[in-house]
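Student: So the sequence lines, in the order shown, correspond to chains A and B.
Heads up, the final residue of the first sequence is numbered 306 in my numbering, and it's a clean run with no missing numbers.
Heads up, the final residue of the second sequence is numbered 1296 in my numbering, and it's a clean run with no missing numbers.
Don't read these hints as lab results, they were simulated from the structure.
Incomplete in silico selection of chain B near chain A, CB under 7 Å: (1) M1142; (2) F1145; (3) L1151; (4) I1153; (5) L1260; (6) W1264; (7) G1271; (8) V1278; (9) N1282.
Output of the computed footprint for chain A on chain B, the stretches with three or more beta carbons under 8 Å from beta carbons of chain A: (10) 1222–1234; (11) 1238–1250.
Okay, the calculated beta carbon distance ranges per label pair: (12) N225(A) / R1029(B): 35 to 41 Å; (13) L1131(B) / F295(A): 23 to 29 Å; (14) N200(A) / G1198(B): 44 to 50 Å; (15) Y1259(B) / R215(A): 47 to 53 Å.
The structure presented is a predicted model; accordingly, all values stated were derived computationally and were not measured.
Virtual Cβ for every residue (Gly too), placed ideally from N, Cα, C.
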Amino acid sequence: MLRFLVTRLRDGFVVLLLVLVVVFFLSSVVGDPAEAMAPADSTPEQIQRLREQLGTDKPLAEQAVDYFGGIAHGDFGESLWQQRPAIDPVREALPATIYLSIAGIVAAAILGTVAGIIAGTRPNGIFDRVANMIAMAGISVPTFWLGMVLIVIFAVRLGWVPTSGNIGWKSIILPATAIGIEHGGRIFQLVRSGTFDELNKPYVLVARSKGLAGRVVVWKHILRNAAVLIITTIGWEYVRLWGGAMIAVEVVFAWPGIGQLVINAADRQDFPVLQAGIIVAGLFVVLSNLVVDTFYRVVDRRLQVA
Amino acid sequence: MSVVIETRTQATSTRGRRVRDIAHAIGSRSWLIWVAFLAFIVICAVFGAKIAPHDPLEQSLLDRLKPPFSTTDNGFHFLGTDALGRDLFSQVIKGARLTVFIATVSMLIGSVIGISLGMAAGFYGGIVDRLIMRLAEAQTAMPMFLVAILLIILLGPNVINLVLILPTLVWPTFARIVRAETLRLRETPFIEAAVAVGCTGRSIMWHHLRPNLLSRIVVLGVISTGQVILAEAGLSFLGAGVQPPDTTWGLLIADGRQYLATSWWLTITPGIVLGLTVLSLNMLGRRYANLAEARR
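For reference, chain A alone in the conformation it holds in the complex (with noise of 0.2 Å):
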């Protein structure tokens, strides 16, 4: 379990490290923030003023060991828009993105186990043919776009739920929807297809010979034996999420996270904000990554022995 750990460790400060250097290789050597960042009328001293203000007019070897050795000391650079440090304004969007993901993930959670096992257990029925073509049709459409209709119908005309921003918990019900019904579409086939596997399995025809009801059955023999599918499936959704999936949503729904601050930071071509906000959603990737490795690890003994 400690060596497991350890590789794991390594592998996500790898993939930390390798976001590090995409990051600082697409900013240095294949674009040039400064000419990205000046008016279209700047003249060329203009511009390598500004390259000598970010710093990108030093030689490259310098360049490297300025940015490394100062994200090692938590130091992302200036903003430039905000005039304080780039991490300050990341800092300050990250709850509210922790936030919309965890109630992103329950509602799809939620929406995709229930349905799963339901329609896995009644395998061609109503409810399945109804809750797969559904769940098709939530992964086959843009989750920004399904923001918006849910936005049309019960903000607009309904007027039950804010349109956007974050006031009150009645702000979450809408973008956690659209996340819900996206993810969980992906969570549902997983689910639906792994309750299905296990309903021919010698132990659920030993239970049903019994005499056991068909709910203990399925709520108590089958879940259990599915939960480590069902638990890990939501676990890389949940890395998905931070992979990227959330900044449309935030972006549609106003809300202030770092997906929203990200994207005004690429408006304004505040270069130092737009790094430190993938970085740290890098982090979370890999942070969320290890916790689902470890959890499946811990869950499933069979993978030790193999």
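Starting from the structure of chain A, add chain B where the hints point.
Tutor: Just chain B now, with coordinates in the frame of chain A:
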């Protein structure tokens, strides 16, 4: 007792069977709908604005923000008009071209990279395998969508840069599945025979492995085309995709957003077209996968 049960089950089963037969007959042919829809989209993509009922760029400020099915002096507007009085249906048809082009090219680039690397990893094993799979793993563990935004903001949003960045979202899946299949096939007698006869690695991969991987690759290709369409829509929506006057469905959805409260159709209808396209790809991919599985 038993007689009663028997007659009852028989009665329900005859009626039930007839209903089920009809449902099955419709259900088993429903894939034709998806094929027809995709064919329509491909026709739109090939002919573009030429088959549109209106000039997609023709403005008419008096006829702005008309709802679907309205008629103006310029004629009938099936999906209504946008904020500049342009016909939305014609714009959706025009948008099909770039959407389909970007998705197809990105998927092809990504699949070629993924298939080559996956095959090499599965066939050679050892250090090659470990290196390639680590790379695929790291790539999946990165917030690629954010990295794509950074790259496109730096290099400028245009079609070429989109086609360069989108394959990075596709190739790891291809690599993983092709590697697993290659590992399985490598143990089969016909590959062992090819090795024994003295075929080179490259020739085995091209002449023996590739044809056997084809059905898996087709399924993956169909489904990942849909994934690329969704990713492109996301990037275009966030302003990191194509720029006007070019149009994709994602950009149409984004453009309509500021009129969401009053003119919902500007956002909703392009999204329905996009969603139906991805749904068709998903349904056909799954159907083909089931058929290939059954044949095995």
